[in-house]
Amino acid sequence: DVKVTQSSRYLVKRTGEKVFLECVQDMDHENMFWYRQDPGLGLRLIYFSYDVKMKEKGDIPEGYSVSREKKERFSLILESASTNQTSMYLCASRPRDRGTDTQYFGPGTRLTVL
Amino acid sequence: AQSVSQHNHHVILSEAASLELGCNYSYGGTVNLFWYVQYPGQHLQLLLKYFSGDPLVKGIKGFEAEFIKSKFSFNLRKPSVQWSDTAEYFCAVEGNTDKLIFGTGTRLQVFP
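Same order as they appear, the protein sequences are chains A and B. In case it helps, my numbering puts the first sequence at residues 1 to 114. In case it helps, my numbering puts the second sequence at residues 1 to 112.
Derived by calculation from the structure, the hints in this document are not laboratory data. Ideal Cβ placement from N, Cα and C applies to all residues, glycine included. Certain hints may be false.
Listed next, with one range per pair, are the computed distances between beta-carbon atoms [claimed, not checked]:
| hint | chain 1 | residue 1 | chain 2 | residue 2 | range |
| --- | --- | --- | --- | --- | --- |
| 1 | A | Ser80 | B | Asp54 | 48 to 58 Å |
| 2 | A | Glu69 | B | Gln82 | 41 to 51 Å |
| 3 | A | Glu69 | B | Trp83 | 40 to 50 Å |
| 4 | A | Asn84 | B | Asp98 | 24 to 34 Å |
| 5 | A | Glu17 | B | Arg77 | 43 to 53 Å |
Turn these sequences into a full structure, and let the hints steer you where they fit.
Written out as structure tokens, the structure reads:
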């Protein structure tokens, strides 16, 4: 079974703090994704990565950056957290050769910015 | 740009009632289609998927979905819901990139 783990289930930070959200997958997937999930808005793609050190902006990248130094790990960084970044953050991974495979999601990190 | 519409935001049913959740997408090319479910306090799980072939797709827990290409639709159905089906349901579409486009979700509440 594919396992995608995220470093924290719940996180509380203050405005202006630098925040790191970590995601690790154990299935040697090339593609990894970060989404945020908000009520009434569904999931929106923040950033994704096709390979180590590669990144692509998603639909809402403003205020975020990412890091992919190792294949299994994809980090989301909030350089200076703001209250409008309070949300549920979901990480996902998928093999490059899609076939009939899909994205596998982690449990999510609920971030509150005070 | 691709988009996905889920018209039902909140659905309330009694156990044994039939369910149909609407999903429409906008994209002119070949698509892969998915329904995901998120049970309270749990992570997002794949319910079913369509890539090609038979447009009637069967998933887990008695769910099925029908791809109607002419209507750009992929509606989710279940003939008889259970209390344990209470969850949020997301339709998602994938075009010629690796990006999944999600709908805004439908919250289903099933009462005993």
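Hints versus structure:
In this structure the hint that Ser80/A and Asp54/B lie 48 to 58 Å apart at CB holds, the actual value being about 50 Å. Glu69/A and Gln82/B have their C-beta atoms about 45 Å apart, which keeps the hinted 41 to 51 Å range intact. A hinted range of 40 to 50 Å holds for the C-beta pair Glu69/A and Trp83/B, which are about 45 Å apart. One distance hint, 24 to 34 Å for the beta-carbon pair Asn84/A and Asp98/B, holds here, with the actual separation near 27 Å.
For Glu17/A and Arg77/B, the Cβ-Cβ distance of about 46 Å falls inside the hinted range of 43 to 53 Å, so the restraint holds.
Hint check: no violations occur; every hint is consistent with the structure.
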